[in-house]
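A.B. asks: Spelled out, the chains give:
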Amino acid sequence: MSKILNNLNEALSAVKTGDTVLVGGFGLVGAPLTLIDGLTEKDVKDLTIVSNNLGESGKGLGILLNQNKIKKGIGSYFTSNRDVGDKYQKGEIELELLPQGTLAESMRAGGAGLGGYYTTTGVGTDLAKGKEEREIDGVKYIFEKAIRADVALIRAYKADTLGNLVYYKTARNFNPLMAMAAKTVIVEVDEIVEAGELDPEAIVTPFIYVDGIIKAQQVLTKKGVVNV
Amino acid sequence: MSKILNNLNEALSAVKTGDTVLVGGFGLVGAPLTLIDGLTEKDVKDLTIVSNNLGESGKGLGILLNQNKIKKGIGSYFTSNRDVGDKYQKGEIELELLPQGTLAESMRAGGAGLGGYYTTTGVGTDLAKGKEEREIDGVKYIFEKAIRADVALIRAYKADTLGNLVYYKTARNFNPLMAMAAKTVIVEVDEIVEAGELDPEAIVTPFIYVDGIIKAQQVLTKKGVVNV
Amino acid sequence: MTGTMNKTDMQHLIAERVAQELKGPCAVNLGIGIPTLVAEYMKEDNIYLHTENGLLGVTDVEEEDIDPNLVNAGKLPVGEAVGASFFNSSDSFAMIRGGHVDVAILGALQVDETGLIANWAVPGKNIMGVGGAMDLLVGAKKVFVTMSHTSKDGSPKLLKECTYPITSTRQVDMIFTELAVFEVVDSQLKLVDLMPGATIEEVREKTEAAFTE
Amino acid sequence: MTGTMNKTDMQHLIAERVAQELKGPCAVNLGIGIPTLVAEYMKEDNIYLHTENGLLGVTDVEEEDIDPNLVNAGKLPVGEAVGASFFNSSDSFAMIRGGHVDVAILGALQVDETGLIANWAVPGKNIMGVGGAMDLLVGAKKVFVTMSHTSKDGSPKLLKECTYPITSTRQVDMIFTELAVFEVVDSQLKLVDLMPGATIEEVREKTEAAFTE
Chain A
1 MSKILNNLNE ALSAVKTGDT VLVGGFGLVG APLTLIDGLT EKDVKDLTIV
51 SNNLGESGKG LGILLNQNKI KKGIGSYFTS NRDVGDKYQK GEIELELLPQ
101 GTLAESMRAG GAGLGGYYTT TGVGTDLAKG KEEREIDGVK YIFEKAIRAD
151 VALIRAYKAD TLGNLVYYKT ARNFNPLMAM AAKTVIVEVD EIVEAGELDP
201 EAIVTPFIYV DGIIKAQQVL TKKGVVNV
Chain B
1 MSKILNNLNE ALSAVKTGDT VLVGGFGLVG APLTLIDGLT EKDVKDLTIV
51 SNNLGESGKG LGILLNQNKI KKGIGSYFTS NRDVGDKYQK GEIELELLPQ
101 GTLAESMRAG GAGLGGYYTT TGVGTDLAKG KEEREIDGVK YIFEKAIRAD
151 VALIRAYKAD TLGNLVYYKT ARNFNPLMAM AAKTVIVEVD EIVEAGELDP
201 EAIVTPFIYV DGIIKAQQVL TKKGVVNV
Chain C
1 MTGTMNKTDM QHLIAERVAQ ELKGPCAVNL GIGIPTLVAE YMKEDNIYLH
51 TENGLLGVTD VEEEDIDPNL VNAGKLPVGE AVGASFFNSS DSFAMIRGGH
101 VDVAILGALQ VDETGLIANW AVPGKNIMGV GGAMDLLVGA KKVFVTMSHT
151 SKDGSPKLLK ECTYPITSTR QVDMIFTELA VFEVVDSQLK LVDLMPGATI
201 EEVREKTEAA FTE
Chain D
1 MTGTMNKTDM QHLIAERVAQ ELKGPCAVNL GIGIPTLVAE YMKEDNIYLH
51 TENGLLGVTD VEEEDIDPNL VNAGKLPVGE AVGASFFNSS DSFAMIRGGH
101 VDVAILGALQ VDETGLIANW AVPGKNIMGV GGAMDLLVGA KKVFVTMSHT
151 SKDGSPKLLK ECTYPITSTR QVDMIFTELA VFEVVDSQLK LVDLMPGATI
201 EEVREKTEAA FTE
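Chains as they are written, first to last, in our numbering: chain A, 1 to 228; chain B, 1 to 228; chain C, 1 to 213; chain D, 1 to 213.
Isolated chain A, as found in the complex (with noise of 0.2 Å):
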């Protein structure tokens, strides 16, 4: 039952047009960036984005966003990239900003089984807009929607044959919640070690959530992106 996967093809066959995306990140950190690349050869459109930010302009995700492959971003901040603005101005693309916060945890509930949830995250601001507001012992909130997605592609550090995850430094963030709230998962990693090597106590993702494992191609170093 390995799930190592022997190449970027086989690693992306479950992204399919139309589908809700979900790509680990903050920036560059902790972004699969090998998938990322893979995804940008592949023929497929009107995807749904998950992520933080959609890559920066050209670069990453950014690549994708030119190819005119994103129908809709879901994000918290998509100001990284210029070209989103231009495309949002021109009606090429939907987007949906969340909190941050908002963001991951919508995640979590989906990959939990909840529907949704109610947050103070946002209450009497523009964001809150259409969203319906409820008080709750005298504090009022705003109901937010879980998000559940078809593939969730992202990046961990160190794998075992099984699937079981561990991240790297602040390249975690939102990786295990991206695992947890989509159909198939695949995670591009540093290394694959043997099952038994990765402490069952600090291990973040068990492999119940895992179901490709690719190793990276390309990794973030302090010169900037390489390829490995």
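A hint or two may mislead.
Label-pair distances were calculated between CB atoms; the ranges are [stated by the list, open to error]:
#1 D/Asp-153 x A/Glu-10: 50 to 60 Å
#2 D/Ile-200 x B/Lys-71: 50 to 60 Å
#3 D/Asp-65 x A/Val-228: 35 to 45 Å
#4 B/Asp-199 x D/Pro-25: 17 to 27 Å
#5 C/Lys-75 x B/Asp-46: 47 to 57 Å
#6 A/Gln-217 x B/Asp-199: 25 to 35 Å
The set of hints was computed from the structure by calculation and includes no laboratory data.
Only a predicted model underlies this, so the values are computations on that prediction, with no experimental measurement involved.
Note that beta-carbon positions come from the ideal geometry of N, C-alpha and C, so glycine has one too.
Dock chains B, C and D against chain A, hints included.
C.D. replies: Frame of chain A, contents of chains B, C and D only:
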């Protein structure tokens, strides 16, 4: 800013009559046996105790129950203590029975600043009576309210001097969630180590949640509960 | 013939039959009672057991290796498999409710003819415990039920309608007793197997619920 | 006199003043810009910095120790303190929204005379980013705002009412500019300190919002 407490009196000083108190553990496993014992010595009453079970007959929280200090119990499995049923019949205790996953999730929600959430668990059953039902994307959910408390009494394996915590095997259970959901969090541990000795990637409860640490004086062994 | 079987033998017979339905790779949650015995009969080594108190990768344990802080949901000592992981209760139920556990194997007090089950409360008694039963029923991809075909007094437990409170509005997928195996197809019970020594006549006699053969 | 101060000096002046208000033990989240500078002036060693992308225990880092996978919310390289811990984004925002972070120090575009702030969007432009600003405002036990007292064109940023979209209906606790320090008491601004070289006349002149002295 050492959080290490010298004695049980100090550890339990935050617990007042009328408080809501979260008590960790799944049966005896992961229960803060020393703190529970201390609570039975303390002159408080009208407590709302949130815990998976209310101990066993005459043991742990069962002593507190028999001392008539518990006004209300919130848990998932009171069956472990036959005295709970007797008290309930006599109208001497209120009970709120929640599915185990709901109990856990409600404390996480409380700790995370959420007001409540929609879950599929319990829909259409007797435990959904009086609870709001809502359909989201064609699926029926019921509303469950977040749980927040005055004090949490929990059990961990190791604390560092700052209050970072790691747990031991299935003694983790509800403890990390309770650490999130209470104003004051007191933890009993097997071992206190220097800050920096716990792996930053493997800390389960960051110190931000912990107010006081005490060494366990009662531990669960193969031969039962033993004083150390 | 099954009438002469003792309780332990009957439970093992059912457990062994359930184990045949488990194809790895999969993650399985075993309830208390007969479900716990299923582990003894699993043939594939890529079936991983989940216990809702916070462990994926449950194994059995030798007496001398028992650790009082390593238990299953029935509070019985267990061991940990290679590749096991520990997590808190909300993460554990996130797995269950979120549909990440492949199979839940549960006991039941009653099953109705549409596949609804009752396994957590008895009318007229205080409702004192529910544990993870409701979560497992809504969340697991497949739910298998194991139980004796009839109550101690011989009355059927496969009924037209449950008289005890139901555990979920979700129907189970398969039902295993010492007499028969049923699948639930389109809200109807379908007999798919007779257990060793059982006859179709005996099953008909001891089953109130309608079923197709 | 403050009019001749360059931007960097002004930012450091504000950051140093904010640092005086931080009494350990506490956990503090620093926003982008002036707030980031506050770390340089913190005097106590039991102030722990939280960054919402998943680290409690942020420190500065020497050039040779920079790790590209260890950054703060501004995507700048940072180091990790003794006793630091890493966690995922939902756990990080659970800390923030759940009221477990003692102080958030944020920048602002505008502040109104009741202590509401606008710091995430400008009317007439696409609303493209919000990040963690709204979460920090609802969740931190105390919120401190740092900003230049006026816009580049000299117009006041402490206004009767914000003309930009507000970030939260929660009022901030303190406001720090290069001219003055205000506390928000009973939904009113109260001048609690004049910054070096600033006069009460200058503050009055450059502040549209009503405040008590």
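A.B. asks: Please name the hints from earlier in the document that this structure breaks, with their numbers sorted from lowest to highest.
C.D. replies: The structure conflicts with hints 3 and 5, although it agrees with all the remaining ones.
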